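Colleague: Here is how the chains run, residue by residue.
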Amino acid sequence: MRSRLVLGWMLALSLLLVACTPASSAPTPTLSPTSAVTIAPEPTATVTLPPSPTQALITVTDALGREVIFSQPPQRVVIAGRATALLADAAYLFPEAKEKVAALSRTSQGAEGDFLTLVDPNLGKKIVFETNVGAEQVVAAQPDVVIMKTYMAESLGKPLETLGIPVVYLSLETPEEYQRDLRILGQIFQNPQRAEELVSYFDTQVQNVTQPLQGLLPEQKPRTLLLYYSDRDGQVAFNVAPKAWMQTIMTELAGGRPVWTDIELGSGWTKVNLEQVAAWDADVIAIIAYTANPDEVAARLKADPQWQAMRAVRDGRLYAFPKDFYSWDQPDVRWVLGLRWLAWRLHPEAYPGLDMVKEVRAFFEQLYGMDAKIFDARLLPLLKGDLR
Amino acid sequence: MNLTSSAQPLDLMARAPLWLQYRARAHRRLLVLGALLVVVLGVSLFLGRYPQVGFLTPAQILEDPLAQRLILNLRLPRLLAAVMIGMSLAGAGLVLQMVFSNPLVEPGFLGVSQAAAFGAALSIILFGGAAWRVQASAVFFGLGGLALSYLLARRVRYGGWVLRLLLSGIAVSALFASGVGLIKYLADPLRQLPEITFWLLGGLAGVTWKPLLAALPLMVLGLVILILMRWRLNLLALEDEVAFSLGVAVHRERLLVLLAAVMVTAASISIGGLIGWVGLLVPQLARRLSGADARYAVPTALLLGGTFVVLCDDLARVLSAGEIPLGVLTSLLGAVGFLLLMTRPAVKV
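Chains as they are written, first to last, in our numbering: chain E, 1 to 388; chain L, 1001 to 1349.
In case anyone wonders, no lab produced these hints; they're calculated from the structure.
Incorrect hints may have been included.
Stated by the list, open to error - No farther apart than 30 angstroms at their CA atoms in a straight line, the calculated lysine-lysine pairs in the DSS-like style are these:
| hint | chain 1 | residue 1 | chain 2 | residue 2 |
| --- | --- | --- | --- | --- |
| 1 | E | 358 | E | 384 |
| 2 | E | 98 | E | 302 |
| 3 | E | 271 | L | 1184 |
| 4 | L | 1184 | E | 243 |
| 5 | E | 373 | E | 126 |
| 6 | L | 1184 | L | 1210 |
From a predicted model like this one, the values you see are computed outputs, not experimental measurements.
The task is simple: from the sequences and hints, build the whole structure.
Modeller: Listed below in structure tokens is the structure:
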């Protein structure tokens, strides 16, 4: 008798749950914020977007191909989740970001500190989350839109979408995606003109780098190895990037032949041993280091008898990949700097008189309006890698 | 006169048979635990980090439609998931401990946890993190882990059935654990590894109605079986021969109970990842409270398990600006609680 009661209770509970879900999960499917507004009987003053008949709707198609519709320009932009540094660096290319970005996940990548402190004097007043922030915390920042990487969709994006918070996913992983995603940011910050300026800036940068390399025969392209040095957990490891990553694309654009694409590559960094590095015996090796100092790593390798036997070291063509706050090989806005540097290292004759430090200065001035004083005091001392 | 009449019922109670007193006490205890769970749930629903760390006031909820949506669409499914996971893991743990007559057994011992973890990790790297695929894969491999343990145990040539099943369970666990290690090695460190790692540490941050409802039927079914079978569990805990002589179809019933335990475990893992120590600590605590009689130990464990996981999840989502992995908290609190429990002298039973 009692067990029947329990059984009945359990079934009733599950029925109740099933019964109450459609109402609550109805807005999930394609999730445009306007459809989300329909869940709440009355529009909210704080977070959702009150429809204003005078303003045209803004339709943003994000990196996942979802359409997000805003009835008025978002005023409180929140950037959350992993790799926020890369997203924020792109967002702050728009001057409006200083004012409109209300909260963001931690952006510092290591001991160098947080690049955004150079760009946004109000950063200290903004809400800062952890990278593994939960939906509730994000909602507390009262966002009009939340920007995150495409791979955050399941863990953070879905719960926010359920609440009717507009989420715009960006990828920013390849040169082409930079063009598309900068235009999306232009829509969010209501500055499409700046977006076009930026797209053309990145385009011109790539053109300037690749133009002198046109007509190179395959055998004129040095066999190049971009090697990421990691010493996490006290264990030294060398890793190579997958084919689709920026590092590989960059090497090809810079007029090099990536030697590492002939092995079975994983979907992330693939660990390789010294034997494999020796077997490739690349003409040029560039050492990437995120946490360690790339200059020190390169110096150590050059002094290592095993490495001295390799062609790149013998020819003096083992370089430290430059970095400032963040390494330039990543799909951060700095990738154009990384591209220029790599092309110059692979084909110095194609870029006579190139002064990398001058390039870096111009880059930060043009993109972030950084003045010389801040650059000299805060960024220049952090520059590492074989820039001269 | 008055005195004698009021003394009468007391006297009766004192003369009531011991089992009746025991039952009345057990029922009272269950009622208190049930009330505790309801109170904890009610309080947790209003606790969070929106709009500030702490409690939402009724006025805020009435005025702020976002707060209403937050409670209905995020907190409620998450709390229910926590309750169901707590009940499932504690119930499964208790049942396995009884069936194997070993108080140190938990669902992980039959290869279920590691196999489910392997299934989820595999799905993350093969198909991306789509929730339903991860869940389906976790349940599929969880059941596969049990089947493998079971089949291997049949082929082991020595030892009693329990020993054989435990041995093969340990081997199967190790097999899948190495598989998880391999997948972690192969996973994309930016996209997949954090997801796998978070998942291996357990957490309910991404739980909405959809994944919960997907897992709920399996959990409800499994728990109902466990609750209905609690009368038989006392017999299954006996030696095979004794149980058989008492009219139990030992193999068939044990298989049914094991299957139910695995089902709820795999379903829990599929929504919340690996959440350790609930299946070990809570059954111990439940037996401390209610005695080894499964008729009362099972519901006690379910109620305690639900309360424990809800409390841990409250800490996970409120304590820090980021989400603390739930599995880390349950392990920490579970291990501390376990130590306290073990070092205290037994009160009764």
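Colleague: Verify the proposed pairing of residue 271 of chain E with residue 1184 of chain L, using a straight-line Cα cut of 30 angstroms.
Modeller: holds, 13 angstroms
Colleague: Please work out if residue 1184 of chain L and residue 1210 of chain L have their alpha carbons no farther apart than 30 angstroms.
Modeller: Status holds; Cα separation ~27 angstroms.
Colleague: Given the hinted pair residue 373 of chain E and residue 126 of chain E, is their alpha-carbon gap at most 30 angstroms?
Modeller: Given that 30 angstroms is the threshold and the Cα spacing comes to 24 angstroms, the pair holds.
Colleague: Residue 1184 of chain L and residue 243 of chain E: Cα distance at most 30 angstroms?
Modeller: holds, 20 angstroms
Colleague: Decide if the proposed pair is consistent with the structure: residue 98 of chain E and residue 302 of chain E, CA atoms, cutoff 30 angstroms inclusive.
Modeller: Status violated; Cα separation ~43 angstroms.
Colleague: Check the hint pairing residue 358 of chain E with residue 384 of chain E against an upper bound of 30 angstroms on the C-alpha distance.
Modeller: Given that 30 angstroms is the threshold and the Cα spacing comes to 14 angstroms, the pair holds.
Of the hints listed earlier, the one the structure fails to meet is number 2.
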